[in-house]
Amino acid sequence: MKELWELFKVFAQIGVLTFGGGYAMLPMIQEEIVDKRGWATDEEILDYYAIGQSTPGIISVNTATFIGYKRKGILGAIVATLGIVFPSIVIITVIAIFFDQFEHYQIVQHAFAGIRVAVAALILNAIISMWQKAVKDYLGIIIFVFSFVVVAFLDISPIWVVIISFLFGVIFKGKKVDVK
Amino acid sequence: MIYIKLFFVFFKIGLFSIGGGLATIPFLQELIDSYGWITSQELLDIIAISESTPGPIGINAATYVGYKTAGIFGGIIATMGIVAPSIIIISLIASYFRKVNEKPIVQNGFYTLRPAVIGLIGAAGFEVFKIALFNIDLFAQTHNFLNLFNIKAIILFGVILVLMKKVKLHPIVYIGLAAAVGIIFKY
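Here the protein sequences line up with chains A and B, keeping their order. The numbering of the first sequence is the numbering used here, which starts it at 1 and goes up by one. The numbering of the second sequence is the numbering used here, which starts it at 181 and goes up by one.
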């Protein structure tokens, strides 16, 4: 019970701190799940992201469900998901009630413009630390560049990147794998 | 009964939107056309609010539409609807994951997949960079190269990066700090 409450609390906290979608959640997941609690490794988080990206549903919810399941089975999955959506329900309901006023608060807009800058810095920082775990050779660098360019500039669905790069490893990496 | 309908409509959205929260938007568009639960103007508002408030966009949109359609309880039901497919599908995958993950062939796949995921996150981060640090629209209008850079934002960005290197604080500290700077210096 205590562990379930902890799951709920951690994901509610991550939900509060996530501005703008699943990728913005990464720095929080790293801090709370990997560094502080050791519930998963950086590599596992990347794997969950890949799966969350290519299965139905919202990435951040999928990732929460995955970690919740790993901790406490189905119940853990449900609790973690409830945790991550809880702040949205509260905040959006309040905004929906007062929307007309909210929009005009200049001060809110200034704050959010500042927050976006912090989010950009946090994401860059998360990418740098993940990079050291995930990109281990020239092949990795090539795959990274390919994936970034294709999704950032060519408007191709990330699912194809996930499928192709996974199959690439399965087919070409063959038997000479030496994952440390 | 409106609650059951809300649940299943959002269940369907959760089931068919693969990828990020923005992938839910085409489905929300459908809500306008087939149910009339929200207007197109409201959809734009929802996207704007979702992107500037905490929480995943898809969840925020579900809560908002649910609330507009059937009050607070409607917001809760719509949100439960959109996350239900995730819980079912991911729990199924997670229950097999450990066994499957031990196979060398799968590990090979993940070995080449991880750099690609970093690329995906980089691409998503790139969108945030464009909005947070550059004035693309202003540059397009004026063609003045200096206008391209949001100097105030770039300074704050640099300060936060240095802070993160020097003292490792919880992410919320940087977010709070940036919000305060945004208000004080009118970002």
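Please keep in mind that the hints were generated in silico from the structure rather than gathered at the bench. Computed from a predicted model, the values in this text were never measured in an experiment. A portion of the hints provided could be inaccurate.
[Stated by the list, open to error] DSS-like cross-link-like pairs, simulated, lysine-lysine; straight-line CA separation at most 27 Å: (1) B:Lys348 to A:Lys36; (2) A:Lys173 to A:Lys133; (3) B:Lys283 to A:Lys133.
These are the hints, each one checked on the structure:
1. B:Lys348 to A:Lys36: Distance ~13 Å between lysine 348 (chain B) and lysine 36 (chain A) Cα, so the pair holds.
2. A:Lys173 to A:Lys133: holds (18 Å)
3. B:Lys283 to A:Lys133: holds (20 Å)
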